[in-house]
Amino acid sequence: MSLVRKTSSSGSNSKTPTHLIGSLARGLKAAVPTMDRRTFLRRSGIGVGAGLAVSQLNLLQKANAVETKAMLDGKAGKIEVKRTVCTHCSVGCAVDATVENGVWVRQDSVFDSPINLGSYCAKGAALREHGHGDYRLRSPMKLVDGKYQKISWDQALDEITAKMKALRTKSTPDSLFFIGSSKHNNEQAYLLRKWVSFFGTNNTDHQARICHSTTVAGVANTWGYGAMTNSYNDMMNSKAALYIGSNAAEAHPVSMLSMLHAKENGCKLMVVDPRYTRTAAKSDQYVRIRSGTDIPFLFGVLYHVFNNGWEDKKYINDRVYGMDEVRKDVMEKWTPANVEAACGVPEAEVYKVAETMAKNRPSTIVWCMGQTQHTIGNAMVRASCILQLALGNIGRSGGGANIFRGHDNVQGATDVGPNPDSLPGYYGLAAGSWKHYATVWGVDYDWIKGRYAPDMMEKSGTTVSRWIDAVLEKSDMVDQATNVKGVFYWGHAPNSQSRGLDMKKAMDKLELLVVVDPYPSATAAMAAMPPAAGGQVNKDRAVYLLPATTQFETKGSVTASNRSIQWREKVIDPLFESVPDHVIMQAFADRLGFGKELSVNYKMLDSKYAGKSWREPEPESILGEINRSVWTIGYTGQTPERLKAHMRMMNVFDPKTLKSRGGKDPVSGYDTTGDYFGLPWPCYGTAAIKHPGSPNLYDTSKSVMEGGGNFRANFGVEKDGKTLLAEDGSCSKGSAITTGYPEFDAAFVKKLGWWSQLTPEEQKLAEGKNWKTDLSGGIQRVVMKNGCHPFGNAKARAVVWNFPDPIPQHREALYSTRPDMMIKYPTSADKKNFWRLPTLFLTVQQQNLNEKLYEKFPIILTSGRLVEYEGGGDETRSNPWLAELQQENYVEINPGAAARRGIKNWDYVWVKSPTGAKIKVRAMVTERVGPDTAFVPFHFAGWWEGKNLREYYPTGACPVVLGEAVNTATTYGYDSVTMMQETKTTMCQIEKFA
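The letter at position 896 of the sequence shown is residue 968 when you use my numbering, and the numbering goes up by one with no holes.
Warning: the hint list may mix true and false statements.
Claimed, not checked - List of simulated lysine to aspartate or glutamate pairs, EDC-like, C-alpha gap at most 20 Å:
no., residue 1, residue 2
1, K237, D662
2, K675, E690
3, K385, D726
4, K521, D548
5, K214, E649
6, K736, D726
7, K675, E692
8, K680, E690
9, K611, E231
10, K805, D493
In short, the hints are calculated from the structure, not lab data.
If you're wondering where the values come from, they're calculated on a predicted model, not measured in any experiment.
Between the sequences and the hints, there should be enough to build the whole structure, so can you do that?
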């Protein structure tokens, strides 16, 4: 179903098509006179690139083009406009794709979208190139004698399945590791977690592990949900904004629309970063800190807040646990002198930030991977949370913790996708969670349990950041029956992970490596290239490349960073022999013996892809199952019907509040009145009760049924004699209970005398259940009817007693260039068994101190994004329009550091690492970085220590631009809670290339 009006077929009696369709027809006939899709693809280099004006298109017209009446009035029946969402960052920009004769010929940004308001960045403007795919993986391939050879889908599926069965039988299901994707839509991400569960392992993960896993853990353990509290749009209401570890102008360019609007209204923008970034160029105050010292800076700010009495005392009393302990710790440890010694920022600058945040409330804070990718990332994000709690900014419009996620669906994939320590919706791996899902999935609990090796069903799997060690570590040190022997890269870039040299060794040792991707990714080249000197490749290893479609060749939902969910229409049929990811999952499941169980609840489609028939689970059916199961975070109200109506009715949603001004969808008749755009989760209860979504989390100024809320009661009701519940009078507007209360279950509902408000059928299903496991939705419905929040009403935790450091503590990076700071602020103790693996902390740091690595590698190495590329970059570097903009990788080096090394601007240099790795890049001599810091973008791959790897990619499927991956040179180091890799703070030496 198209979400916007289409032209009718020539024989229909429908009304005159819209002006848009008619004008498109008149403009497009000149550039692409009616031709079949094959002809267009042959000529895709000419074309109608994104954003080209009609006058430019006319330059390409054929001399003999004939303007027909059908094309003039738009009744040719072959032009459609499909509404989709950009597949790059997490802002969620809407795009209208014009398709003629099955060919994507034009794109237009959606001016009605309340999120992007007709704007997009360079990547968004180049989306249409995905519909051509000159550098796509075109068919299944197998690595044979160092070269990739084309094979059939049947051969690929049969051979891979046979290898999987053999490994599963010989070495247990845990011998395989499945890396999912933040590019999958919600339905595919959810289905992959279900698929892996039925295979019988929790060894699965995806990009969020190395992006915001520390955010999810740290923030959820502070106040309930590990997600952005407000929205990009709500930042228009901010009076001050602190960006720390975020270069939004390049990483999330369209998000800057809201901040620039806020600045027009007087908002004060502060940017804290080791680099002077494009975001810093828009700031009122820029603060340069030493990479990895966010806690000293943030607690330095908090010191001045406390010292001047700027904290919100009533808010803290009513809604925060443990702030007195934090105050004592901060005032003792983070005096101005200690702050400056640790992070390099003078007292006056820190004071100015504190004063601006305190005197311009509501004030917001923004962070990204600059704060998360550290061994203490979990503590850094909690320090940001604590600052906002002290100022009373959480749960307020214009305030909040605005955590900008990375990929287009990294939020959704985290919410409902392949996590090694939880089932969809963060349900955990305890027996109760499995039984909940067994009921939803329509399978027997004992059948699922029988798929797992003994005692492994409730044990967290290993992580994507450490799969290489699950392969290389001694088998008796890995907490499972055997090492990992097979890996699926299902839409993930290897160059986004640290320790590239070790990854190459791990790839060579595998017995099975499968890449499922629209683009072959750097994995293909790394697998095919020769091993390092003295190394060898497992003679039994099999490597396969399977062409998946892009998200423009299928349909489904996607969750933006602000938790709003949008529905993508299918724009075009799959190119070449590519197949949608969820269809590939079903094909494997059928061969592995659990296809029936996987799709028992879904409407199955008989689809044709790659010249053959496939069994395809309908995406709407999968979303329906998500709606029936994910009660924890409120994914239950966003039905396909409501989401599609929102996409058609974008114009009725206010771009500042995201709230609908009222209006019925002409297709479905759905009334959007009161809804927030995309029904940002939590959208509690069934769709029938019409919860509007939650624009700003923990906002007590609104009733729960208006999208309001309070902090979650997830950690008990009392700690050390102190209540963990909110104080009297602190509750959501209209609540029947005006003090703190625990989360709701059937017993609590009965105790309150509300049980009779459930229908008899609801009572039957809710008996013995809680708000998370009651499949009827009755508990949630009745609780919200009485103005209460299903997850209770508690205080946020400034002290998180179940973390290594209950109060965030600064600990130096394992590869710090400051020996004095490593001695004063040492890292954590080693862990013998952590996510199934031994993990070193103090041992590594102490060894680096003893070897005086800071003398050999005196420059801090950090990394980050460019506006032109995304993630590992294979997709965007394969786009000629983007590749032209950024053709080589480089290192930013300060003029002083460059002069001491005889380096001139744009010289080739070696960036050398303590691991023994070296990368060859251009030198960008600039004062963006300080004398002690170097910066390398992380989007590149395809060179390896100076060697071009183009010959090792499949023929015709190599990105336009290749370059060294910074993560070839990054070092060991992982977060003490989540196993996040430490890529933002390591060390290097830079030498002129000779």
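To see whether the hints hold, each was checked on the structure:
For the hint pairing K237 with D662, the CA-to-CA distance comes to about 13 Å; that is within 20 Å, so the pair holds. Distance check on the hinted pair: K675 and E690 sit about 6 Å apart at the alpha-carbon level, within 20 Å; holds. The straight-line distance between the Cα atoms of K385 and D726 is roughly 34 Å, outside the 20 Å bound, and the hint therefore fails. Pair hint K521 plus D548 does not hold up; C-alpha atoms about 24 Å apart against a cutoff of 20 Å.
Taking the CA atoms of K214 and E649, the gap is about 15 Å. The hint holds against a cut of 20 Å. Using a Cα cut-off of 20 Å, the hinted pair K736 and D726 holds, with the two alpha carbons roughly 15 Å apart. With a CA separation close to 9 Å, the supplied pair K675 and E692 stays within the 20 Å bound. Note on K680 and E690: the hinted pairing holds, with a Cα-Cα distance of about 14 Å set against a maximum of 20 Å.
Using a Cα cut-off of 20 Å, the hinted pair K611 and E231 holds, with the two alpha carbons roughly 16 Å apart. A hinted pair counts as satisfied when its Cα atoms are at most 20 Å apart, and K805 with D493 does not qualify at roughly 35 Å.
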